[in-house]
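Engineer: One-letter residues, chain by chain:
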Amino acid sequence: MKFKLRIWRQPNTLIKGRFEEYEVDDVGPDESFLEMLDMLNEQLIANGGEPVAFDHDCREGICGMCGIMINGVAHGPKAATTACQLHMRHFKDGDVIVVEPWRAKAFPVIKDLVVERAALDRIIQAGGYISASTGSAPDANSIPVPKPVADTAMDAAACIGCGACVAACPNSSAMLFTAAKVGHLNVLPQGQAERFDRAVLMVDEMEAEGFGGCTNIGECAAVCPKEIGLDFIAMLNREYLRGKLKGAGSRNA
Amino acid sequence: MADTADTQTSKAPEPAKTILDAKTPDGPIAEKWDKARFDMKLMSPANRRKFRIIVVGSGLAGGSAAATLGELGYNVDCFAYQDSPRRAHSVSAQGGINAAKNYRNDGDSIFRLFYDTVKGGDYRSREANVYRLAQVSNNIIDQCVAQGVPFAREYGGLLDNRSFGGAQVSRTFYARGQTGQQLLLGAYQALARQIHAGRVRMHTRTEMLDLVVVNGVARGIVTRDLRNGKIERWLGDAVVLATGGYSNAFYLSTNAKGCNVTAVWRAHRRGAYFANPCYTQIHPTCIPQSGEHQSKLTLMSESLRNDGRIWAPRQPGDTRAPGDIPEKERWYYLEERYPSFGNLVPRDIASRAAKSVVDAGHGVGPRRNGVYLDFADAIERLGVNVIRDRYGNLFDMYENITGENPYEVPMRIYPALHYTMGGLWVDYNLMSTIPGMFAIGEANFSDHGANRLGASALMQGLADGYFVLPYTLSNYLAQAKLEPLTTDHEAFRAVEEEVNGRVERLLKANGERSVDSYHRELGQILWEYCGMERSEEGLKKALELIPTLREEYWQNVRVPGESEELNQSLEKAGRVADFMELAELMCIDALQRKESCGAHFRSEYQTADGEARRDDENYAYVAAWEYAGDGRAPILNKEPLTFEYVALSQRSYK
Amino acid sequence: MQAAALYRTSIGKKAIMAVSGVIWIGYVVMHMYGNLKAFLGEAAFNHYAEGLREMGAPIFGHLHLLTVARILFVVSIVLHVWAALSLTQQARQARPQNYATRRVVQANYASVTMRYGGVVILLFLLLHLMQLTWGVSAVHGEFIPGEPYHNLVTNFQSLPVTLVYLVAVVALGLHLFHGTWSMFQTLGFNNERMDRLIRGLAWALAILVPVGFASVPIAVQLGILS
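Top line first, the protein sequences correspond to chains A, B and C.
Counting from 1 along the first sequence, just add 33 to a position and that's the residue number in our numbering.
Counting from 1 along the second sequence, just add 176 to a position and that's the residue number in our numbering.
Counting from 1 along the third sequence, just add 1 to a position and that's the residue number in our numbering.
Source of the hints: derived by calculation from the structure; they are not laboratory data.
Some hints could be false.
Taking CB as the label site, the calculated pair distances span [unchecked claim]:
id, chain 1, residue 1, chain 2, residue 2, range
1, A, 126, C, 114, 28 to 38 Å
2, A, 122, C, 31, 34 to 44 Å
3, A, 51, C, 105, 22 to 32 Å
4, A, 44, B, 558, 53 to 63 Å
5, C, 130, A, 44, 51 to 61 Å
6, A, 39, C, 9, 50 to 60 Å
7, C, 6, A, 59, 54 to 64 Å
Computed from a predicted model, the values in this text were never measured in an experiment.
Idealized CB from N, CA, C, for every residue including glycine.
Could you build the full structure based on these sequences and the hints that come with them?
Structural biologist: This is the structure in structure tokens:
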């Protein structure tokens, strides 16, 4: 297979970027999108050019490191799939493919397709945990968790923190990410003590990081490689409003 | 500094110099850890604030250690090459985590978990360490549940367990197929809490490039900020390496692309002994390589072997579609060779059998590089819905990657590199041979012997990080007499200079070939000669090929770009340079171990029916290699292994 | 005063939009229903229109409750528009550089056009008030104060006015479709089980309200009402 690529090239955060066009040939249909980029890079290195920088690590769809806009869709055309698990058989021979980095104020471009997502870590740091220091835990079975509750928590906890929700959102909102993290802990009995503080602190941090607000459009859930649902955003809204009305979130003030 | 271009000559290793002391406490095995903890020097909370600890790596071991040390009140600097600590490769583990809870009342106990682990490691691990691992396994589950890890539950709300990897008891806790991810998120969240509290400073996209040893004591590291190439010095009162394993030496493995040996290897060159580098584990159920440009191999859970039947065409070179091959021309080689265990033989046996079948020309698929894992019988017997319930997500994953529907055509599988049992030698306190430098998780060698059992890697990473290291490190700091230092010290300056020199040399080589092309070639050599089956002849061949390749690498590699920017080629170049050196040590170790044990299979040392033949009389020791300088053969040090509680016996799966 | 600071946060703004939206949903449903009285004849319609001024009698006096309602509607719409503007601005700032290529994956027309639709409805609202409440002669030459049925019929005898009205009610339908579901989502009442119910309600409102509104001018155009 042969492809024409339009790829965003940007040397660093400060210098303005632009699109460059490339061609790759002899791509096998079983190769992943990132392997196709590897091929391009080998080609560029051989010709004395500079390879395209892109983030990736596990290449099996779980670490959340990869993430690029492929033809205007976060992680590309296949639903519930990260870019590393997208295979070239989903494209047509001769396709023109446009590749861009995630674009959001909170995700500055470091180079080419690599963006800084530390803002998501800071949302977690604001309250995305249960304060249980090592050694303080009771026996694991002393806290029964109904199966449906554990399943819901797991649905939310499946989030890989890739940032596709932010990239796809017309408002650049991080609500689906934040909702997944809050949802995971807030439904569990262990998470109750800090429940409202958690919702308030994490959302407030999200706003402070410069993400947009949610307007319930749902593009986030549609591109989420782990299929996190919009329910969790509804849940977060409720937790947050209740938390604010209770005056929660002053713990760290 | 001759650096790496000069070859370490492959002459025979010197006879063992030292008998290493593991500092294992005295007394009955069940009381050793309690006794050790009681004997440890305590440190008051007020004093802990005065210490700074460097933790390299943020996976299960590093993340849990950094969080716990932060909770105790130490100042911690934690480093990760990824953009977030949550992405460390622990995240990829699927199956589960073992613990001796005996919630199923099926006869499990701490002693049984200990026993199984020592036996599974083919009697090449340290009994006292393994016993401690089994002891703290229960605390791990408690801790993780308290953190909110969403383990699978039964309808009564209690934790679910399953049997894993052929274990006879159900002791594996799991969170769907994402146990590693969920445990890592637990540790990551605990870490995030400490970062927020100011106890841990997190340095993401920062890679350790060398260790700083001052007067024989580990006192800091030198790193490169991957965003802008800045080389920085970090001072600490202790250094903890939690940087994972070295499967990526083989290029194609199930490890994440960034996994590397650099931190461990640099520490080795500064004086830390490297133990059992030849113990590398192969996982039998991975998806075969599909093309020349393949960048990694994907593992599918071992549980598939519970219902799938493995076969290959009886006729070598048979290119018919699987459906066209009649039953009597199908070779169910595992079922034939191992009538009682059949398709459920241990990982190493299943892997070796697949390799021998493929090597003999029975391979299937477009590249003739796999064997079939067929679910047709299971679907007929149980119905497609049962199979979908059990393996639906794995079947989907397989179809996504290969484009073939495993409900209709048999899966194709082939073994792949997966985990490395070898690593930095550590004593009972997890301290390496460099005082002040500790190694935890997959980065050390300690608990799995020559073969790791399923669902034990997560257990060991968290045991080290949450429950062992925080004690032993405190004990070290309470007694260490550390000289006051700053990063202006001569030792820091010298190490930084070396690091800069290496970076510069890589950029200046400006040769013809890309880093990846060398890495692939190295991987092929290792896979061929130091993979599933090793022989004296092959290893000697590899020991000729590797130094030559390494020499060429330093002359002819092309690393585009500059050092003062994000430069992924440069990152890879440094890592591959270290893999090139490690690869040689792996072969030297494999050559010196004239026995077959666990994952190390030497073709010369097998029983009449092709099983691994251990030599307990001569090889019941840990081979801990000491770096002797470039161009000099590494020195073999030995830690003898004694087995007081688990009687030595030969495995049999016939 | 955490609670009072809600208005500064995006979820707080959204909650303000949801609550003010509910008030306006109530309003348009009542208004649509009231409009249908035109089919009962001039007397009935004029009686209904006059009755609005006497709402709440005898507890409330002439115009009392209507004035309260008007204030509530004005305050609601001001808050609704302010919150929308503020969220739009936040979204703009959150993505300083836009994508070169962008494909919508699942979003429906209603959800992505909320902001534009809102502007259309707001502009129409002003026109509508000028035509039928304030009787601004430039937009409604035959307006006679106190004769609502006459004003209604003469207004919609103009084809352009009717067309503008129809465009506006379609925009209203779209706005209601996304707004209704969105309101439950924002206030946190949505979940997997509720979702179908809420989507159903959104569909019902998005169809019934515009159809009800549109029936009157269409009837005028067809000569059924005169």
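Engineer: Looking only at beta-carbon atoms, does the pair residue 6 (chain C), residue 59 (chain A) fall within the given range of 54 to 64 Å?
Structural biologist: holds (59 Å)
Engineer: Confirm or reject the claim that residue 126 (chain A) and residue 114 (chain C) have a C-beta distance inside 28 to 38 Å.
Structural biologist: Taking Cβ atoms as reference, residue 126 (chain A) and residue 114 (chain C) lie about 36 Å apart, which means the hint holds.
Engineer: Does 51 to 61 Å hold as the CB distance between residue 130 (chain C) and residue 44 (chain A), or does it fail?
Structural biologist: Since residue 130 (chain C) and residue 44 (chain A) have Cβ atoms about 56 Å apart, the given range 51 to 61 Å holds.
Engineer: Confirm or reject the claim that residue 51 (chain A) and residue 105 (chain C) have a C-beta distance inside 22 to 32 Å.
Structural biologist: This hint holds: roughly 25 Å between Cβ atoms.
Engineer: Tell me if the beta carbons of residue 44 (chain A) and residue 558 (chain B) are separated by a distance inside 53 to 63 Å.
Structural biologist: Holds - the Cβ-Cβ distance for residue 44 (chain A) and residue 558 (chain B), about 57 Å, lies within 53 to 63 Å.
Engineer: Taking the CB of residue 39 (chain A) and the CB of residue 9 (chain C), does the distance hold inside 50 to 60 Å?
Structural biologist: violated (40 Å)
Engineer: Given the hint of 34 to 44 Å, check if residue 122 (chain A) and residue 31 (chain C) actually sit that far apart at their C-beta atoms.
Structural biologist: violated (56 Å)
Violated hints for the displayed structure, listed by number in ascending order: 2 and 6.
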